[in-house]
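There are 2 protein chains.
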Amino acid sequence: MASPGAETEKPGNHNDFVQLCNPHVAAMKEDVLYHFSLSTSTHDFPTMFGDVKHGMGIPSIAIMLHELIKLLYHARCSDVTLIRIGTSGGIGLEPGSVVITRQAVDGCFKQEFEQIVLGKRVVRNTHLDDWLVQELVRCSADLGEFPTVVGNTMCTLDFYEGQGRLDGALCSYAEKDKQEYLRAAYEAGIRNIEMESSVFAAMCNACGLRAAVVCVTLLNRLEGDQISSPHEVLAEYQQRPQRLVGHFIKKCLAAA
Amino acid sequence: MASPGAETEKPGNHNDFVQLCNPHVAAMKEDVLYHFSLSTSTHDFPTMFGDVKHGMGIPSIAIMLHELIKLLYHARCSDVTLIRIGTSGGIGLEPGSVVITRQAVDGCFKQEFEQIVLGKRVVRNTHLDDWLVQELVRCSADLGEFPTVVGNTMCTLDFYEGQGRLDGALCSYAEKDKQEYLRAAYEAGIRNIEMESSVFAAMCNACGLRAAVVCVTLLNRLEGDQISSPHEVLAEYQQRPQRLVGHFIKKCLAAA
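In the order they appear, the protein sequences are chains A and B.
Here the first sequence is numbered in our numbering, starting from -1 and rising by one per residue.
Here the second sequence is numbered in our numbering, starting from -1 and rising by one per residue.
If you're looking for bench data, these hints aren't it; they were derived computationally from the structure.
Ideal Cβ positions, reconstructed from N, Cα and C, are used throughout, including at glycine.
Incorrect hints may have been included.
When the alpha-carbon atoms are kept at most 27 Å apart in a straight line, the in silico BS3-like pairs for lysine-lysine are as follows [to be verified]:
no. : chain 1 : residue 1 : chain 2 : residue 2
1   : A       : K118      : B       : K118
2   : B       : K176      : A       : K27
3   : A       : K27       : B       : K174
4   : B       : K174      : A       : K118
5   : A       : K176      : B       : K27
6   : B       : K176      : A       : K118
7   : B       : K27       : A       : K174
8   : B       : K108      : A       : K108
9   : A       : K108      : A       : K174
10  : B       : K118      : A       : K108
11  : B       : K176      : B       : K108
12  : B       : K108      : A       : K118
13  : B       : K108      : B       : K174
14  : A       : K174      : B       : K118
15  : B       : K108      : B       : K118
16  : A       : K176      : B       : K118
17  : A       : K108      : A       : K118
18  : A       : K27       : A       : K108
FRET-style restraints, in silico, Cβ to Cβ [as the list claims (entries may be wrong)]:
no. : chain 1 : residue 1 : chain 2 : residue 2 : range
19  : B       : D175      : A       : E92       : 49 to 57 Å
20  : A       : Q177      : B       : G244      : 20 to 28 Å
21  : A       : K27       : B       : A182      : 26 to 34 Å
22  : A       : K27       : B       : K118      : 42 to 50 Å
23  : B       : A182      : A       : S37       : 26 to 34 Å
24  : A       : D42       : B       : P21       : 29 to 37 Å
25  : B       : Q237      : A       : D128      : 47 to 55 Å
26  : B       : P21       : A       : D128      : 43 to 51 Å
27  : B       : A25       : A       : A254      : 55 to 63 Å
28  : A       : N123      : B       : V120      : 20 to 28 Å
29  : B       : G206      : A       : Q240      : 37 to 45 Å
30  : A       : H229      : B       : G206      : 34 to 42 Å
31  : B       : G206      : A       : R181      : 32 to 40 Å
32  : A       : Q177      : B       : S58       : 20 to 28 Å
The shape of chain A in the complex, shown without the other chains (with noise of 0.2 Å):
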């Protein structure tokens, strides 16, 4: 999406098109986005997608970023932030409270993104744009419907054991244990729990792209693992990181 310079001086420069990570994708005659049912010898990429600049939030996210980061590529996309948005299990926050990412931390709350490359480790950092973050507050602010605050995210690859949760099929801990746990991740300054934000995070940063991860948190992770509230009391939580997001991307076009 545009940005709001009118307000504040972004850092860097970004006024360039997206660049992959790869030097092979320039030389493949065709490109064959396998999971969107794309090709770029089958489709016009520049005339389908050179707009777009929009949010998303979806399991997968891996698969889904290396294609968009090259159909972002292909289409000749220039100045593009990415935005991921979506729900998460807080920590210490009332439900429904928004939480705007520092930090993407792993289940260890270690800043990085672990990955076997060819056998082997690689790690990479997870850093968020810091004036993206300072912008969604402002944002928030501006709308003051609900409760706002920037945190660490940390991001599991699974939802029951990797997020300490009691419930699921396997467990080999215990209450004390699960509380020890989340108040030194809440000492360690994390506020959410989901599970895509350090893998976003990493190939946004990787690929030189503006990135930030706004999530509403469901539950109160320290007083349960089990979301229970009425249908459409989350129905409206999972709407605030899209009306605070749906703000700042306003802001920007009527800066642009």
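Model the placement of chain B on the given structure of chain A, informed by the hints.
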């Protein structure tokens, strides 16, 4: 599903109800399977799902398995076999070949699944049922419709870099490095690559469920990265694991 006990003796005693590997669930007054929108207080699990014994193959398989295994437990299912069917990239096989997994291995070719639980690394065994492998091999011979091999299956977190592809948004290695990696994988007995088998094997193992993985290969990764076969060819390939497992289920029902 019921097992074809008439032909060979199944090892171990599988004739009992699904057991969770978590002491907390039995004590819960209500259990909400959030991602399935089901609760033990609002749905009669034994009536709704007591006869569920089908195969499966979807992303987010860990979340699904936690909730599916709990569903099987609440429904008091017994003598359950879980079979993951799906697609994969082959190594050194003719596209369309079906691989029955002997061992699920990680990106370093190790037969284990590593997970972070309460901030500590937990390593689980990814053993799959040998008896079931042999039964499925026999079923494939009965059918005689497509090439089927038994081999190790590499399970990765990423479809692009994680599988040594050159066509992702990120890639920091050359064709030569990729070929070396895939050939080393072949030497280690790996015949296909997908993204679910290790956690599937680990969780079924931990909960004492008999399990198998049957995937068709859509391409030979030694020859390329992109899946470029015509849609009709891929659609026929994708039916192969279903046809094989369907034959196995019929054989089981006939023997029951």
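**Asked** Can you name, in rising order, the numbers of the hints this structure does not satisfy?
**Response** 18, 20 and 24
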